[in-house]
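A.B. asks: Following the hints, put chain B in place on chain A, whose structure we already have.
What follows is each chain in one-letter form.
Protein chains: 2
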Amino acid sequence: MKFAVLGTGTVGRAIGGRLDELGHDVTIGTRDPQATLARTEADGMGNPPYAEWAAQHNGIRLASFADASAAAEVVVNATSGEASLEVLGLAGGENLAGKVLIDIANPLDFSAGMPPTLLVKDTDSLGEQIQRAFPAVRVVKTLNTLTAGLMVRPDTLPEGSSVFVSGDDAEAKAVVSTLLKEFGHTDVIDLGDLSTARGTEMLLPVWLRLMGALGTPNFNFKIVR
Amino acid sequence: MKFAVLGTGTVGRAIGGRLDELGHDVTIGTRDPQATLARTEADGMGNPPYAEWAAQHNGIRLASFADASAAAEVVVNATSGEASLEVLGLAGGENLAGKVLIDIANPLDFSAGMPPTLLVKDTDSLGEQIQRAFPAVRVVKTLNTLTAGLMVRPDTLPEGSSVFVSGDDAEAKAVVSTLLKEFGHTDVIDLGDLSTARGTEMLLPVWLRLMGALGTPNFNFKIVR
Numbered sequence: 001m002k003f004a005v006l007g008t009g010t011v012g013r014a015i016g017g018r019l020d021e022l023g024h025d026v027t028i029g030t031r032d033p034q035a036t037l038a039r040t041e042a043d044g045m046g047n048p049p050y051a052e053w054a055a056q057h058n059g060i061r062l063a064s065f066a067d068a069s070a071a072a073e074v075v076v077n078a079t080s081g082e083a084s085l086e087v088l089g090l091a092g093g094e095n096l097a098g099k100v101l102i103d104i105a106n107p108l109d110f111s112a113g114m115p116p117t118l119l120v121k122d123t124d125s126l127g128e129q130i131q132r133a134f135p136a137v138r139v140v141k142t143l144n145t146l147t148a149g150l151m152v153r154p155d156t157l158p159e160g161s162s163v164f165v166s167g168d169d170a171e172a173k174a175v176v177s178t179l180l181k182e183f184g185h186t187d188v189i190d191l192g193d194l195s196t197a198r199g200t201e202m203l204l205p206v207w208l209r210l211m212g213a214l215g216t217p218n219f220n221f222k223i224v225r
Numbered sequence: 226m227k228f229a230v231l232g233t234g235t236v237g238r239a240i241g242g243r244l245d246e247l248g249h250d251v252t253i254g255t256r257d258p259q260a261t262l263a264r265t266e267a268d269g270m271g272n273p274p275y276a277e278w279a280a281q282h283n284g285i286r287l288a289s290f291a292d293a294s295a296a297a298e299v300v301v302n303a304t305s306g307e308a309s310l311e312v313l314g315l316a317g318g319e320n321l322a323g324k325v326l327i328d329i330a331n332p333l334d335f336s337a338g339m340p341p342t343l344l345v346k347d348t349d350s351l352g353e354q355i356q357r358a359f360p361a362v363r364v365v366k367t368l369n370t371l372t373a374g375l376m377v378r379p380d381t382l383p384e385g386s387s388v389f390v391s392g393d394d395a396e397a398k399a400v401v402s403t404l405l406k407e408f409g410h411t412d413v414i415d416l417g418d419l420s421t422a423r424g425t426e427m428l429l430p431v432w433l434r435l436m437g438a439l440g441t442p443n444f445n446f447k448i449v450r
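Protein sequences appear in the order of chains A and B.
Heads up: the first sequence runs through residues 1 to 225, numbered per our numbering.
Heads up: the second sequence runs through residues 226 to 450, numbered per our numbering.
Note that these hints are calculated values from the structure, not bench results.
We treat Cβ as the ideally placed atom computed from N, Cα and C, and that holds for glycine.
Some hints here could point you the wrong way.
Unchecked claim - No more than 35 Å apart at the CA atoms, straight line, and that leaves these computed lysine-lysine pairs for DSBU-like: (1) 181(A) x 346(B); (2) 324(B) x 121(A); (3) 121(A) x 346(B); (4) 181(A) x 99(A); (5) 99(A) x 346(B); (6) 227(B) x 121(A).
Claimed, not checked - A few chain B residues that don't get close to chain A, going by computed Cβ distances all over 10 Å: (7) 242; (8) 317; (9) 354; (10) 393; (11) 407; (12) 417; (13) 448.
Said to hold, decoys possible - Partner residues are not named here, just some residues of chain A that face chain B (Cβ under 8 Å, in silico): (14) 118; (15) 123; (16) 177.
Chain A extracted, bound-state conformation (with noise of 0.2 Å):
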């Protein structure tokens, strides 16, 4: 399948790598391509710069976010939750209609220090945001629970761990489900509409606790039953 990745970060890295590795056709969608190439530091979260990364992965191309979009049968959104909206804006909701959007991002506030906040009450979700502001694009939330290198790769833990698929489309949820079984996971729990969303949006503020109580953030929600 044709996938749109937006984002350069650590999510969009390693969604976009293994979805090369499993023979998907990838574009990683950026603000500005050419800035994005031009850059020689790492990034804030340490990752090296985007063209060193690029250079192993010769199979992936670097578009903007509206080039990547559109030519895309499924866009990723693995922006920080803080710009997916404006990024989403930038993709153009023309070239997001009728397509299934993968919503990982997380709406966190970092702007007063560690551990940050929800930008959210469960009242809402940002994926129910970018339903409302998108409605035709169908929103599928998943992999926002778990570390950029577990969404793809879960079976480096020592056994089976859960996740989660929120969406008010059936078909686009079935679509995703199968690309998580793809990526090793192998037990997908199907939450219900969008609105649940709000449920694994707010595993955010225990699972950041565990991060730092466990002192890595290799670990994974089981839901045992």
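C.D. replies: Just chain B now, with coordinates in the frame of chain A:
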């Protein structure tokens, strides 16, 4: 140990019954013991009248919130989150001072129907509100992330799962962790100070959606790492 369990509902009965079974000294605290014993109808959650339950638990006393707390070494807050601060006020700061308070309550607002929403955002928690209102109490937040039956019998699930403790007093957390192991918990994760209760209280939105999706409250989070 001598326990006061504040609350006669599902959680209070589960905790009180299990403590009694384990050989602890248990007094259940209620607003008005005579009124509680006089009730002949099921409660709002469908539990049989308290007197019926009490008849099967002869070793467990019933007393006012204040009398139960005054006589106890450890106090368990098993009231609804909306009522917790008022109930602890009735228990009396002087009766609680210096004692370990196990806070199981979730700050949920049922006034707008199901699913309930949180009374706090992730910049505060009920656990911290209790600690601020009763500074001499040693609050430990725990067990609020699973259904009552599994709080005290986690071994009825097909495999081990995780439970969390949050609190500012290391000795109080050690007392509670030992108790959790008596209940059968095999993975007690110390998240850190009481502000980490913001994480576990905010697990409720996804817990509620999981109950809906799975059709049962009999599940728990296991942190795979």
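A.B. asks: Each hint needs a verdict: does it hold in this structure or not?
C.D. replies: Consistency of the hints with the structure:
1. 181(A) x 346(B): Distance ~34 Å between residue 181(A) and residue 346(B) Cα, so the pair holds.
2. 324(B) x 121(A): Cα-Cα ~33 Å, so holds.
3. 121(A) x 346(B): Holds, at roughly 6 Å.
4. 181(A) x 99(A): Holds. Residue 181(A) to residue 99(A) sits at ~20 Å (cutoff 35 Å).
5. 99(A) x 346(B): 33 Å, holds
6. 227(B) x 121(A): Between residue 227(B) and residue 121(A) the Cα gap is close to 39 Å, so the pair fails against 35 Å, i.e. violated.
7. 242: 23 Å, holds
8. 317: Fine: 32 Å to the nearest Cβ keeps residue 317(B) off the interface.
9. 354: 16 Å, holds
10. 393: 14 Å, holds
11. 407: At roughly 20 Å from the nearest Cβ of chain A, residue 407(B) sits farther out than 10 Å, so the non-interface label holds.
12. 417: Violated, since 6 Å does not exceed 10 Å.
13. 448: 5 Å, violated
14. 118: 5 Å, holds
15. 123: For residue 123(A), the interface hint holds, since the closest Cβ of chain B sits about 6 Å away, which is under 8 Å.
16. 177: Hint on residue 177(A): violated, closest Cβ of chain B at ~13 Å, above 8 Å.
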